[in-house]
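Novice: Throw the hints in and build the complete structure from the sequences for me.
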Amino acid sequence: MFNYRVRQRGPEVKPGLVVAIEPMVTAGSAETVVRDDEWTVASEDGSMAAHWEHSVAVHRDGIWVTTLADGGTAGLAPYGVVPTPFA
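Going by this note's numbering, the sequence shown runs without a break in its numbering and finishes at 90.
Quick caveat, the hints were computed from the structure, so don't treat them as lab data.
Hints are supplied without guarantee of correctness; some may be wrong.
The calculated label-pair distances, taken between Cβ atoms and stated as ranges, are [unchecked claim]:
no.: 1; residue 1: Gly-83; residue 2: Val-22; range: 38 to 48 Å
no.: 2; residue 1: Ala-72; residue 2: Val-28; range: 20 to 30 Å
no.: 3; residue 1: Thr-43; residue 2: Arg-63; range: 20 to 30 Å
no.: 4; residue 1: Arg-10; residue 2: Phe-89; range: 15 to 25 Å
no.: 5; residue 1: Ala-30; residue 2: Gly-78; range: 22 to 32 Å
no.: 6; residue 1: Gln-11; residue 2: His-57; range: 21 to 31 Å
no.: 7; residue 1: Arg-38; residue 2: Thr-76; range: 31 to 41 Å
no.: 8; residue 1: Val-36; residue 2: Ala-72; range: 17 to 27 Å
no.: 9; residue 1: Arg-38; residue 2: Arg-63; range: 35 to 45 Å
no.: 10; residue 1: Asp-39; residue 2: Lys-17; range: 35 to 45 Å
no.: 11; residue 1: Phe-89; residue 2: Gly-49; range: 24 to 34 Å
no.: 12; residue 1: Pro-26; residue 2: Gly-65; range: 15 to 25 Å
no.: 13; residue 1: Pro-88; residue 2: Ala-30; range: 35 to 45 Å
no.: 14; residue 1: Ala-80; residue 2: Asp-39; range: 37 to 47 Å
For glycine and all other residues, C-beta sits at the position ideal for the given N, C-alpha and C.
Specialist: Structure representation (structure tokens):
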């Protein structure tokens, strides 16, 4: 799944899918480069940037944010989404 909109349809969201959501916010260019260490991603123009991630698991009873102790409950509540722990 991409960090940006694409025209073609992506994978179907169904139980068993785990998605790493990795937004990157930059103060300048949205274009990125991978540094020589083959791990570090930076903005192409060298502007300040922040990058973080959460992993979301889709299971038969709903979703669970695996990177948060509360499964995403606090952050998703304003959107009416109630994460469900794995059974």
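Novice: Tell me the hint numbers this structure goes against, listed in increasing order.
Specialist: 1, 3, 4, 8, 11
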